[in-house]
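*Asks:* So the chains spell out like this:
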Amino acid sequence: MMKSTTPSLARYMVVLCGLLGLLGLTIGLAYVDLGSFNLSVALLIASAKALLVMLFFMELLEGVQASRIAIGMGVFMLLIFGALAMTDYVGRDSRIYGDAKASAMPDR
Amino acid sequence: MSLFKLEPAASQFEDTEQQRLAAKLGMWLFLATEVMLFGGLFLGYTAYRYKYPQSFASGSEHLDILSGSLNTAVLIFSSFTMALAVTAAKRGQRARLVILLLATGLLGSLFLTIKGREYYEVYREHLAPLASFVPRPPGRELELFFLFYFLLTGLHALHMLIGLGLVMLMASLALCNRISARYYTPVEVVGLYWHFIDLVWIFLFPLLYLIKRYG
Numbered sequence: 001m002m003k004s005t006t007p008s009l010a011r012y013m014v015v016l017c018g019l020l021g022l023l024g025l026t027i028g029l030a031y032v033d034l035g036s037f038n039l040s041v042a043l044l045i046a047s048a049k050a051l052l053v054m055l056f057f058m059e060l061l062e063g064v065q066a067s068r069i070a071i072g073m074g075v076f077m078l079l080i081f082g083a084l085a086m087t088d089y090v091g092r093d094s095r096i097y098g099d100a101k102a103s104a105m106p107d108r
Numbered sequence: 001m002s003l004f005k006l007e008p009a010a011s012q013f014e015d016t017e018q019q020r021l022a023a024k025l026g027m028w029l030f031l032a033t034e035v036m037l038f039g040g041l042f043l044g045y046t047a048y049r050y051k052y053p054q055s056f057a058s059g060s061e062h063l064d065i066l067s068g069s070l071n072t073a074v075l076i077f078s079s080f081t082m083a084l085a086v087t088a089a090k091r092g093q094r095a096r097l098v099i100l101l102l103a104t105g106l107l108g109s110l111f112l113t114i115k116g117r118e119y120y121e122v123y124r125e126h127l128a129p130l131a132s133f134v135p136r137p138p139g140r141e142l143e144l145f146f147l148f149y150f151l152l153t154g155l156h157a158l159h160m161l162i163g164l165g166l167v168m169l170m171a172s173l174a175l176c177n178r179i180s181a182r183y184y185t186p187v188e189v190v191g192l193y194w195h196f197i198d199l200v201w202i203f204l205f206p207l208l209y210l211i212k213r214y215g
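Each protein sequence line maps, in turn, to chains G and B.
First residue of the first sequence: 1, per the working numbering; consecutive thereafter.
First residue of the second sequence: 1, per the working numbering; consecutive thereafter.
Fair warning: there could be bad hints in the mix.
[What the hints assert, rightly or not] Derived DEER-like restraints, expressed as beta-carbon distance ranges:
1. 32(G) - 92(B): 47 to 55 Å
2. 112(B) - 21(G): 33 to 41 Å
3. 44(G) - 117(B): 40 to 48 Å
4. 65(G) - 34(B): 41 to 49 Å
5. 137(B) - 64(G): 50 to 58 Å
6. 10(G) - 175(B): 27 to 35 Å
7. 17(G) - 123(B): 34 to 42 Å
It should be emphasised that the hints constitute simulated quantities derived from the structure, not laboratory data.
Glycine included, C-beta positions come from ideal geometry on N, C-alpha and C.
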C-alpha cells in the first residue's frame with residue numbers, strides 16, 4: 001500500500017516550532033532550582049522532543065508496526081539494563097562508599 | 001552500481017514496496033543497536049554522576065552553554081531540512097532534494113565546527129583528560145566528567161561525520177538521476193540515520209551542559 005500523499009510542509013513546521021519551543025523550555029528550566037526534579041524534568045522534555053522527531057520526522061506514526069516494535073524493544077531493553085545495573089551502584093553500602101570500596105568485607 | 005536500483009525487486013520480496021519497507025525496518029533495527037551503543041556510555045555516565053554529583057555539576061558549568069544550545073538548534077533545523085528532503089524525493093523534485101540535502105550537510109558541518117571550537121576551548125582551559133588536564137577543586141573526579149564528555153560527544157561526532165558522508169552521497173546520487181519518485185529508499189534510510197544522530201544529541205545536551213545551572 002503505497003502512500004499517495006506526502007506530509008505537508010505545515011506539519012513539519014509545526015513540529016519544528018514544537019522542538020525549538022521545548023529546547024527553550026529545557027534551557028529555561030535549567031536555571032530554576034527544582035531540586036532533585038531538575039534531572040527528571042530535563043529527561044522528560046528530552047523524551048518529548050525525541051517522540052516528536054521519531055513520530056513525525058522519522059514517520060514512525062504512519063510506518064509499519066514492526067518498526068515501532070523494533071525501536072521500542074531497543075529502548076525498553078536499555079531501560080531494563082540501566083535500571084538493573086544502577087541497582088548495583090545505588091545498593092552499595094554508604095558507610096564505606098567514601099572509601100570507594102565495593103564490598104563491606106574487611107581487608108584480609 | 002547495482003546497490004541503488006529499483007527493478008526488479010530482489011527475489012525474496014513480493015514487490016518493490018515490500019522491499020522498500022524492509023529497507024526501512026532494517027535501518028530501524030540497526031538504530032536499535034545504536035541505542036545500545038550509546039546507552040552503554042550513558043549508563044557509565046549515570047553511574048559516575050550518581051557517585052560524584054558535585055564534580056559532574058562543576059564540570060557541566062565549565063561547558064559553554066551558548067555553544068551547546070546553538071548546536072542543539074542547528075541539529076533540530078538539520079532534521080527539519082532532512083525531513084523536507086525526503087518529502088522532495090518522494091515527490092520527484094530533484095532540484096529541491098539536492099538543495100535540501102546540501103542544507104542538511106551545511107548545518108551538520110556547522111555543528112562540527114562549533115564542536116571543534118568547544119573542544120579546543122576545553123583543551124586550552126586545561127580540562128582535557130590525557131592531554132592538558134590539571135586537577136582542581138572539587139576533585140580529581142572532574143577529569144572523569146570530561147572523559148565522559150569527550151567519549152560521548154566524540155562518538156556522536158563520529159556518527160555525524162558518517163552521516164555527512166551519507167548525505168553527500170545522497171546528493172550526488174540525486175544529481176546523477178538515481179533518485180526518483182519511484183525509487184527514493186536510500187534517501188529515506190539515510191534520513192532515519194540522520195534523525196537518530198539528532199536524537200542522541202537531544203539527550204546529550206541536558207545531561208552534559210545543564211546538570212546544575214541554577215544557583
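*Asks:* Look at each hint and say if it fits the structure.
*Replies:* Going through the hints against the structure:
1. Taking 47 to 55 Å as the suggested C-beta distance range, the pair residue 32(G) and residue 92(B) conforms, at roughly 48 Å.
2. Take residue 112(B) and residue 21(G): their Cβ atoms lie about 26 Å apart, and the range 33 to 41 Å is violated.
3. Take residue 44(G) and residue 117(B): their Cβ atoms lie about 31 Å apart, and the range 40 to 48 Å is violated.
4. Distance hint check: the CB atoms of residue 65(G) and residue 34(B) are about 21 Å apart, inconsistent with the given range 41 to 49 Å.
5. For residue 137(B) paired with residue 64(G), a C-beta distance near 54 Å keeps the hint of 50 to 58 Å intact.
6. Residue 10(G) and residue 175(B) have their C-beta atoms about 29 Å apart, which keeps the hinted 27 to 35 Å range intact.
7. At about 36 Å, the CB distance of residue 17(G) to residue 123(B) agrees with the hint of 34 to 42 Å.
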